[in-house]
Amino acid sequence: MSPQDRFSFARLNAMIVKEFVQIRRDTLTFGMMVGIPLLQLLLFGFAINSDPKHLPTAVRDADHGTMGRAVVAAMQASKYFEITVLPETEAEVETILAEGQAQFVVTVPVDFSRRVLRGERPALLVEADATDPAATANALNALEKLAGGAVSRDLVGPFAGLRQGAAPFDLRVHRRYNPEGETAFNIVPGLMGVVLTMTMVIMTCLAVTRERERGTMEALLAMPLKPIEVMLGKILPYIVIGYIQVVFIMVTAKLVFAVPMVGSLWLLSVVTVIFITANLAVGFTFSTIAANQLQAVEMGFFFFLPSILLSGFMFPFRGMPAWAQVMGEILPLTHFLRIVRGILLKGNGAGEILSDLGALLAFLVVVCSVAIRRYRMTLD
Amino acid sequence: MTAAISVTGLTKRFSGRTVVDAIDLDVAEGQIMGFLGPNGSGKTTTIRMLCGLLRVDAGEGTCLGLDIREQTAAIKRQAGYMTQRFSLYEDMTVLENLDFTARVHGVPERRARVAEAVERMGLGDRGKQLAGQLSGGWKQRLALAACILHKPRLLLLDEPTAGVDPQARRDFWDRIHDFAADGMTVLVSTHYMDEAERCHAIAYIAYGRLVARGTVEQVTAASGLSAAAVRGHGGPGLVDRLKALPSVETTTSFGTVIHVAGHDGAALSADLETLAEQGVLTWVPEAPNLEDAFIHLMAGSHDNFAGTAS
Chain A
1 MSPQDRFSFA RLNAMIVKEF VQIRRDTLTF GMMVGIPLLQ LLLFGFAINS DPKHLPTAVR
61 DADHGTMGRA VVAAMQASKY FEITVLPETE AEVETILAEG QAQFVVTVPV DFSRRVLRGE
121 RPALLVEADA TDPAATANAL NALEKLAGGA VSRDLVGPFA GLRQGAAPFD LRVHRRYNPE
181 GETAFNIVPG LMGVVLTMTM VIMTCLAVTR ERERGTMEAL LAMPLKPIEV MLGKILPYIV
241 IGYIQVVFIM VTAKLVFAVP MVGSLWLLSV VTVIFITANL AVGFTFSTIA ANQLQAVEMG
301 FFFFLPSILL SGFMFPFRGM PAWAQVMGEI LPLTHFLRIV RGILLKGNGA GEILSDLGAL
361 LAFLVVVCSV AIRRYRMTLD
Chain B
1 MTAAISVTGL TKRFSGRTVV DAIDLDVAEG QIMGFLGPNG SGKTTTIRML CGLLRVDAGE
61 GTCLGLDIRE QTAAIKRQAG YMTQRFSLYE DMTVLENLDF TARVHGVPER RARVAEAVER
121 MGLGDRGKQL AGQLSGGWKQ RLALAACILH KPRLLLLDEP TAGVDPQARR DFWDRIHDFA
181 ADGMTVLVST HYMDEAERCH AIAYIAYGRL VARGTVEQVT AASGLSAAAV RGHGGPGLVD
241 RLKALPSVET TTSFGTVIHV AGHDGAALSA DLETLAEQGV LTWVPEAPNL EDAFIHLMAG
301 SHDNFAGTAS
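Protein chains in written order, with the numbering used here: chain A, 1 to 380; chain B, 1 to 310.
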């Protein structure tokens, strides 16, 4: 074996030096290598909380007596519940749950206090929005535990006997929209939004950077095409592809997971088009920044990571600190998830999804205008 | 004759570096204008400004009577631009590429026109081949076919024959002359002297500045060079001896013949004669060629790009 055939540290060193030179040149990739772990640390360390507390709770107190107030006070003391709304009528309760204004509604019936004292064990109704079972499970557990002790302090004198045995009232918990607490009912419709976010952003981003990387952008720019024509031409085919994904997921959701589909599928289709377009516009905007296809994928991932973690797909949205919720509110996936779950599980109509739809549209308009502004007609 | 291209003071800067510096260019309609200059001299940048791919930093002018600053969209509709690097879709077939280009340009009777272009370029058997699988010469033909589909009045060709074999280059130039005969104006950049000699006029650009223009004869005459063909009588180092002569500015070896050129014709004759008398060589005067002129022009231009990375 001649000396040239042996392993050479000099040659290895040449390779290593070259590799570092190239890593340093691609500043975006280098930034991602630092940025992604940092983002993950922040999100997993500070934003994500699988034991959400301070869940918004509505109380409809028709009794206005001491016992009802005692239960509500005990709930608040548990830190799981935070009273945010005081509805008056049954209709208001329905709207609050449908629009997701509150996670729980406590209904204290008329004469609740008096009937507790009479030992009649009246019903106390707690309705939970169980579309995301994970968000409500711990709170409901805590509720069962505190129910008995909640009113015992008020049972004095002749009523002290009621402290023994079962709770002096009948706590009835209704898990609305998903009574069995099936996590699949929550995950599968949500997955539709996640899959669309992942594929649509990266697809368009690649479609445009590919033109630049292969040099075909120059010929494209030399042709009489307007930016809007290029942009729509890049976006529309992927709307079709996105739709095929949606149909596939919906059919699987129905046939394999038996996900309930209560609301209007037409309404869902319209919202889905808006959501797909919003993601495609994000991809198009990224493509005006990314220099090559690798960077396009990296940027797609950088968008995907907070989308999946902060949208309420993986972890309860209400468990996150305020800053994370604000970030989540910006992301289109957050609003799409609420709409999809609302339409499929709650049977929401156009009225109930209006605010989330508005947020989606606002996102779309902002991103599209950025994309158009950034897309250059020239090679400078 | 009306001017197809008429620009003055055309300037382009990239992050403070002047890449194209106040170029004046006039190309008459139906003319083939050769655009020459060393690599990185600003030829591609100039062509890109003419067809609206780059914004003009200073200067003004018209392309096909349209303002190069304001009416780029209209220029794009009437000009055909063939990029230096193959810029059609390699994952699409020859026909798919041509069909796409024709659609974008809104060519009437698209199918007939695509068929016509395929016929004219001899691409008939390759219509269903992927563009990426074509060899260099065929890619060049396809690119040209795509450029002329919309019957442009002006063709901008950026080093169209780079890496193409001599036969394909010859065919290509025959076609260019056909187009010019039909009234199309052609601006073509090249590094080949034989191609330059097939142009009606040439423009030579070095380090972003236009340093010579006119017909081949005018440019060579304007260089003021004298030249000679030298044949050595054996003995090594003749080229070095010639180079050492103060009157000799350039030497080019063609097999056994060495072509020399220099500014001072009298001194050149005298020096060569001295060597001839020593029995080292024989020589005959000959006309300076375009290459002599260019090497001379290059040597006289200041490299204002040196030291900055590109």
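Just so you know, the hints here were simulated from the structure itself, not pulled from any lab data. We put the beta carbon where it would ideally sit given N, CA and C, even for glycine. Any given hint could be a false lead.
[Unchecked claim] Taking CB as the label site, the calculated pair distances span:
# : chain 1 : residue 1 : chain 2 : residue 2 : range
1 : A       : PHE7      : B       : ASP240    : 33 to 39 Å
2 : A       : PHE7      : B       : GLY127    : 35 to 41 Å
3 : B       : GLY183    : A       : ALA362    : 51 to 57 Å
4 : B       : LYS151    : A       : ALA362    : 44 to 50 Å
5 : B       : MET92     : A       : LEU305    : 45 to 51 Å
6 : A       : LEU265    : B       : GLY163    : 28 to 34 Å
7 : B       : SER15     : A       : VAL195    : 52 to 58 Å
[What the hints assert, rightly or not] Some chain A residues flagged as far from chain B (calculated, every beta-carbon gap over 10 Å):
#  : residue
8  : ILE36
9  : THR199
10 : LEU255
[Stated by the list, open to error] If you want the footprint, here are the derived chain B segments under chain A, 3+ residues with CB under 8 Å:
#  : stretch
11 : 42-55
12 : 65-78
13 : 85-91
14 : 97-111
Against the structure, the hints:
1. A:PHE7 / B:ASP240: 33 to 39 Å: violated (45 Å)
2. A:PHE7 / B:GLY127: 35 to 41 Å: For GLY127 of chain B against PHE7 of chain A, whose Cβ atoms are near 52 Å apart, the range 35 to 41 Å is violated.
3. B:GLY183 / A:ALA362: 51 to 57 Å: The hinted range 51 to 57 Å holds for GLY183 of chain B and ALA362 of chain A, with Cβ atoms some 54 Å apart.
4. B:LYS151 / A:ALA362: 44 to 50 Å: Cβ of LYS151 of chain B to Cβ of ALA362 of chain A: about 46 Å, so the range 44 to 50 Å holds.
5. B:MET92 / A:LEU305: 45 to 51 Å: Given about 35 Å between the Cβ atoms, the range is violated.
6. A:LEU265 / B:GLY163: 28 to 34 Å: violated (57 Å)
7. B:SER15 / A:VAL195: 52 to 58 Å: violated (42 Å)
8. ILE36: Per Cβ check, ILE36 of chain A is outside 10 Å of chain B; nearest 30 Å; holds.
9. THR199: holds (20 Å)
10. LEU255: Consistent with the label, LEU255 of chain A stays out of reach of chain B, its closest Cβ about 36 Å off (over 10 Å).
11. 42-55: holds (count 6)
12. 65-78: Coverage by chain A holds for the stretch 65-78 of chain B (4 residues, Cβ < 8 Å).
13. 85-91: holds (count 6)
14. 97-111: This one holds; 3 residues, not fewer than the three required, reach chain A with a Cβ under 8 Å.
Hint check: violations occur at hints 1, 2, 5, 6 and 7; the rest are consistent with the structure.
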